[in-house]
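Asker: So the sequences go chain by chain: A and B. Residue numbers for the first sequence follow the working numbering, so the first one is 1 and each next one is one higher. Residue numbers for the second sequence follow the working numbering, so the first one is 147 and each next one is one higher.
If you are wondering where the hints come from, they were derived from the structure by calculation, not from laboratory data.
Covered stretches of chain A (chain B as the covering partner; in silico rule of three or more C-beta atoms under 8 Å from a C-beta of chain B):
id, stretch
1, 61-75
2, 130-140
Not the full set, but computed from the structure, chain B residues with beta-carbon under 7 Å of chain A:
id, residue
3, Ala221
4, Glu271
5, Val275
6, Trp277
7, Leu279
The following label-pair restraints were derived from C-beta to C-beta distances:
id, chain 1, residue 1, chain 2, residue 2, range
8, B, Ser223, A, Gly13, 26 to 34 Å
9, B, Asp211, A, Arg84, 31 to 39 Å
10, A, Arg84, B, Gly155, 47 to 55 Å
11, A, Ser99, B, Asp211, 19 to 27 Å
12, B, Asp248, A, Ala5, 46 to 54 Å
Even for Gly, the Cβ is constructed at its ideal location relative to N, Cα and C.
2 protein chains.
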Amino acid sequence: MVDTAQLEGTLRGVGLRVTRPRVAVLDAVHDHPHADTDSIIQAARRDLPDVSHQAVYDVLRALTDAGLVRRIQPAGSVARYEARVGDNHHHVVCRSCGSIADVDCAVGEAPCLHGDADHGFSIDEAEIVFWGLCPSCSTTTNRGKS
Amino acid sequence: MVDTAQLEGTLRGVGLRVTRPRVAVLDAVHDHPHADTDSIIQAARRDLPDVSHQAVYDVLRALTDAGLVRRIQPAGSVARYEARVGDNHHHVVCRSCGSIADVDCAVGEAPCLHGDADHGFSIDEAEIVFWGLCPSCSTTTNRGKS
DNA sequence: GTGCATTTCTTGACTCGTTCAGGAAAAGCA
DNA sequence: TGCTTTTCCTGAACGAGTCAAGAAATGCAC
Numbered sequence: 001m002v003d004t005a006q007l008e009g010t011l012r013g014v015g016l017r018v019t020r021p022r023v024a025v026l027d028a029v030h031d032h033p034h035a036d037t038d039s040i041i042q043a044a045r046r047d048l049p050d051v052s053h054q055a056v057y058d059v060l061r062a063l064t065d066a067g068l069v070r071r072i073q074p075a076g077s078v079a080r081y082e083a084r085v086g087d088n089h090h091h092v093v094c095r096s097c098g099s100i101a102d103v104d105c106a107v108g109e110a111p112c113l114h115g116d117a118d119h120g121f122s123i124d125e126a127e128i129v130f131w132g133l134c135p136s137c138s139t140t141t142n143r144g145k146s
Numbered sequence: 147m148v149d150t151a152q153l154e155g156t157l158r159g160v161g162l163r164v165t166r167p168r169v170a171v172l173d174a175v176h177d178h179p180h181a182d183t184d185s186i187i188q189a190a191r192r193d194l195p196d197v198s199h200q201a202v203y204d205v206l207r208a209l210t211d212a213g214l215v216r217r218i219q220p221a222g223s224v225a226r227y228e229a230r231v232g233d234n235h236h237h238v239v240c241r242s243c244g245s246i247a248d249v250d251c252a253v254g255e256a257p258c259l260h261g262d263a264d265h266g267f268s269i270d271e272a273e274i275v276f277w278g279l280c281p282s283c284s285t286t287t288n289r290g291k292s
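Generate coordinates for the entire structure from the input sequences, incorporating the hints supplied.
Answerer: Next comes the structure, spelled out in structure tokens:
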């Protein structure tokens, strides 16, 4: 649970105006890591029943641009957001149910970042997605696999 | 340029029926690495002017399931396909123009795959996307960056 | 080669996450 | 408190991808 005053301070800290939709959305992202936009809309509406979906989309973009939240979108998924930023962690995604978990990067800050055979690109981030099956899907689908 | 007979053999090799749409699409993916679905439709229609977009979607799914092509989808992009499969290579994506290039993985087969803190997931693939700026966007956007 | 069961393709409609647009409301500074 | 700018709301629109049902083609058996 995050304090509202703290969230407001965070918003001001990056030069964003403090509005009720922004506080509600930022709080929702803190409380529901890896949630998709619709879940965030629902969560924000528990604080602020009349926020429009458009406001949530706008706020998520503003928060993302400001670096307060991170947008992730594994292949085949809708956009998801998390409040854990700036620590270069990665994700495991379940191929079956789509659930996501965090993985701390054991390779340090940025794996494979050795500007070798990079085709002249100037690289600033290495994003890693691990694909597999989550514990529950693993037990469910392994049996009966023809 | 790939031989048609060769493509047919490839299709039969994985147990897929040989049809004109399949040959045309497979050829298109070979000729246009990292192309999106619409580009593939256009390319396939140079061989087969009346293929429906639905057929291309179906064929791409069949080819992907059969392992003949690989589907990639960097965040914010539509689905893209490539015929280079089974060699665990990765991609650099330009944040500005979205262009994609291949990167051979220098870490070996599967980086960071050490079942540690994996939350019980059984991981089968580690996908890496490098984000940055391609050579042309790099020179264009670096100047005049306020 | 023919016939037939099965797969695949075509047509056309539709879903749904996301974005666009214009006016109303709120934030924050003087 | 008043004013300018940003943000939010309402409502419509976009577009990649999917669904559905019937027509056509594939490839095997004969």
